[in-house]
Every structure is written in structure tokens, then in C-alpha cells.
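Student: Sequence:
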Amino acid sequence: MTDIIQLLPDHVANQIAAGEVVQRPASVVKELLENAIDAGADDIKLIIKDAGKTLVQVIDNGKGMSVTDARLSFERHATSKIKSAEDLFQLNTKGFRGEALASIAAIAHVELKTKRPDDELGTAIEIEGSTVKSQEVTVTPTGTSVAVKNLFFNIPARRNFLKSDTVELRHITDEFHRVALAHPNIAFAFYHNGSELFNIPSENYRQRVVHIFGNKTNERLVPVEEDTEVLKISGFVGKPEYSKKTRSEQFFFVNQRFIKSPYLNHAISAAFEGLLKDGYHASYFLNLTVDPKTIDINIHPTKTEIKFDDEHTLYAILRSAVKHSLGQFNIAPVLDFEQQSSFDTPYSYKDKAGKAPTIEVDRSFNPFADEGNTSRSMSSKTSSTRTSFKSVPTANWESLYVGLESKGNRRQGDDVEVSFEKDIKTETIFSDASVETSKTTFQLQQKYIVSTLKSGMLIIDQNRAHQRVLYEGFLKHITIKEATSQQLLFPLQLSFTPNEVNIISGLQEDLEHTGFVFSDVKEETITITGVPVGVPESEVSIILEQLISDVENDVPDANFSAADLLAKSMAKSLAIKNGQALNNTEQEHLVNSLFACKEPNVSPTNRPTFITMSTDDIEKKFM
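FYI, in our numbering the residues of the sequence shown are 55 to 677.
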């Protein structure tokens, strides 16, 4: 039997490694920005075309590379950060594995231009699919420029897995936010298809947060500062009243590296206990500084997960620091044991005895004294004129009803029917004939509606069923563009971040087809003057937040269009929630509306809306 194990060629190994390093254009942006930061740059430009599919370019003014380093940087596992395994626990830089540039060069066209401050001329290298096409001397400014073109040009299958330009641009923007927030001392510029999205100067941390998330963010921030031997915390948390249903404004930075940690996130939630509404999440922008020896960042390819040496201590310190800040700035209610001076009894009153209150009565007061004369005059006038108002019995009262025929002697050609007043009787909107005495449905645990069938029993999930009914209604309104709108007495003004406003602007036309009326859309505020019929004013902000959340979580790719996404999101926000009691009429209306839909079997998210149990299934339970 021949040997079957063989070594992979370098270009194949690089393409396989690219699968875990480069998942989408945002991954390339992250790697290149981190390289620029490691190079000591204080001014970085990010240029994107077609959401990174055509071009991702990062230009920095860092220390640059020599000719040899520029060529060697594209080799696998070539790094300047570590020399031994022990160096993994002393890292103060972003990248360290030496796989990024090699993986990127394997699946794209890469152009590198670099020059050190001491060199007169720089180096230009062109690589296509791990193959070096050219390397020559060139004139270039100090620093490094890396242009990644035609991502996944040699792996078309990977390119097909990319999402729409809107989604991919949002992922790139998220990575840009993470890097920019971690390094407020560096100036950043972000361009997409020739238009400037961000131009952020070097500034302090608070200004950096406000620059990225809008001017309204400034008033929502609560500073958090704590310095211990184990952990140093600095940054901000958001006020509870400005919490959101999305987790888009939650940032942890450990040694200036963005991380995701559900455990530390729980510490924040514990600090906000009792201050947040259900389903809402607090915002935070926290920098954690720990000893590099106590963390391990080499446990995930994206390096967004970190293993801490003592998580429990960090949890306790973080929770206490956030809770202290909330109490210090009077955000959280605190117990006040100090007695107010206004409640104190003066010392001079200690020897004084209590005295019963006196009641003064005006014995000369007569309420009828002034009315005596007027009452006599009024009584005389009344007696003199009383005869004129005296009713006299009418002898021929039948003459009053001349011309009115009863039903019995009415002629055949008469169309006039006279109805006489009856005693007031309160009636329901339903006639007695339409109201059934027996219940055909009942509600189970305020979550399910149970109805009977000829063959057994029908159990309906009320939330999913109502979502289906609302979804098809909204989709119909959007399609025919004839939705009715109810005008608001006072315009509703909502504040959002610039990124969220861009999302709503992209869906503005479809929102207007559902019944929303926008009077003004600015960079950070949206003014609404009309809402769809049946949508309460208090639900508008919740609907838009849910819509933004769905867009941010890649939901558009599971939908046919933006209209489909909008209909699903609005149906999800306005549907009857589990735990809401319904009367018998409402239950029957929901059941009838569900089975009047085109696809009653599933909810808009393709989950079953009802199940059936046949009589045979029920009988089997008793065997």
C-alpha cells in the first residue's frame, strides 16, 4: 500500500487558513487597521469600494518596512511580535500569528507600498493569489499603504456566501468603530465609494464616543473609574433611561483590544439590576487594563475572546465600580440616613406644653338675612303669573294625531313609518342571534388558544398567529402602496445615532407605504407626524428600534426584500404578547383571521403557528 499522507503546497495551505482568518471584507479591514496601529501610526485612512468586495485600502503614516520585511511579511507564520511560545503572554500588540497577510494574499490581488522615514525610496509589491507579480522601487510617502482588490477572485464559492453591500458595509463600520474607540489618540478617516463617512481627529475618550455615536450621546454618559492592583477600569456607561433593545452600544476593551465576554456583560447587567426594563440593555464603553500575563488571547482565530486568569475577581470589581458610579452620580436610588434640618424641633419648644385649638363662631351670622326681601318679591311675582302657566286639559286631543296611520290601517302605497319613543334599553353591538351561548375557544395559560375540530383539537400560539395576520396585512399595504395613516396631534421627535438614521433612511420609502409620515430626517433626529392606523404613539420608538435591531443582525438576508423585512419587524413588535388575556370574541376573531391568511401554518419567521391533536392521539394517552 502506497503512502497517502502528503504535505500541502503553500498556496493551498494559505487558502485554507484564509477560511478562518478572512470570513468577509470586515475581517480584512480589521487585520489591516491593526497592522497600521502596530506600526505606530497616528493618522490612518480607510478606503472602501463596493462594501470591500472591490477594494479595501488602508493608508498609515507608521514606521514602514524595509525591502526584505515587505517581501517576507507575506510568508506564512512570518511575524515580528513573538520569537517563542512564552511571548504569547507578553503581547502588547494586535497581531502576532503572522497569518493575516499571507491568507489575504492567497485570495485577493494585493498591492503594498511602504517606506521607512530614513529611506529615500520605498518598495512596491504586487501579489495575485500567493504569486508575486512584481517587486520594484517606488516613490511613496512615509508609512504603508495596503490595497486589497477583488476579494475571493480565485474562490468564487466563497464570494457567493457574501451578503449584500448594505450588510457587509455595516460589518466594516462595526470593525471601524471598535478600532477607533480603542485608540482615541489616533486620527481616523473612513471613505466609501468616494464619500466620506467618518473623519475623526485625535481626541480624548469622551469626545471619541460622541464623535462616533452622535452629539446626543454626551448627556447619556456616566463616567466609571476604578484602579486596583488587579484591574484598572476607565470609560463610561449609559444612563438607564436611554437603554436600548439592541446590544449595538456595548464595548469591552482589554488592553486596547475589543473583546466579547458574556461573563463580564453579566456583571454590568447585575449592576443595573432594577434600573432597566425587560428586554432592554445598558450601553457601556469600558476600557479594562490587566497584566498581559494574566490573560490568554490565543484561543480564537478572530482574537475577540480572552481567557482570564481570575474571572471572579474581575466580575466583582467591575460590578462594584459600575454600581458605585451609578450611585455617585445619583443615577441609582440610594438610602439616605441623614435627617433634614427642617424636621427638627427647635430647642426652645422643649418646655412648652401643648394647647388645644380654639374654635371661633360668628353668632350674628344669618344666611337668610339678605335673601328675605328677595324671596318675598319673587313669591309675589310667581303667584301673580302662575295662572298664565297653568295647563288646561285639551278636549279634542285626538286632533293632535291627525294624519298618522297605524300599521293596521296603513294603505299599501305608504312608505312612511313612524316609530315612537320607547324606554331606554342598553344593547350590545352584537345581536342576540349572532352571539353564541357556547364557547368554541378558550385560552390556555394566556399563551395558547384551544379550539375544537371535527377530528380532534386545535392548539394555536397566539403570538405567532397574530404575527402572521399582521405580517400579511402590512405586506399588502406596502405592495399596493395604499396604507392609511393617522396624523399625530404633536409631532414625535426621536433621537438615534448617525448609523441608525442611515438604516431608517434606507427604509423610509417602505415605511411611508405602511402609514408612517416623516416630516424631517436629520443626522441624529427623526420627526414623525403620522403613524399607521392602530399603532399607538408609544410603540413607534419600539418598532423602529426592533427594525434597526433586525437590520443589524443580518435579518435582511433571510428576507425577499426590504419591504418583507419591514413587515416582519412591525408584525413582531405589534403582535399580541404571550401572557395577554383575550376574551372569547377576540379569540374567535384571531382564529378566523389566521385561517383567512395565505399561509396560516407558519409564522413570518417560519415557525409553526398551530398544532392539531386527533381523537386517536388523545385516546392513546388513556391507554
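It cannot be assumed that every hint is accurate.
[What the hints assert, rightly or not] Taking lysine to aspartate or glutamate and the EDC-like style, the derived pairs with C-alpha atoms no more than 20 Å apart in a straight line are:
no., residue 1, residue 2
1, 293, 578
2, 286, 364
3, 107, 250
4, 117, 97
5, 107, 182
6, 203, 104
7, 626, 591
8, 347, 359
[Stated by the list, open to error] Label pairs and their calculated CB-CB ranges:
no., residue 1, residue 2, range
9, 329, 97, 24 to 30 Å
10, 540, 245, 39 to 45 Å
11, 66, 674, 33 to 39 Å
12, 496, 366, 47 to 53 Å
13, 534, 77, 57 to 63 Å
14, 329, 661, 29 to 35 Å
15, 173, 363, 49 to 55 Å
16, 64, 314, 30 to 36 Å
17, 272, 333, 58 to 64 Å
These are computed hints drawn from the structure, not numbers from a lab. Here a beta-carbon is modelled for each residue, glycine too, at the ideal position from N, C-alpha and C.
Student: So which hints don't hold here, by number, going up?
Tutor: As far as the earlier hints go, 9, 11, 13, 15 and 17 are violated by this structure, in ascending order.
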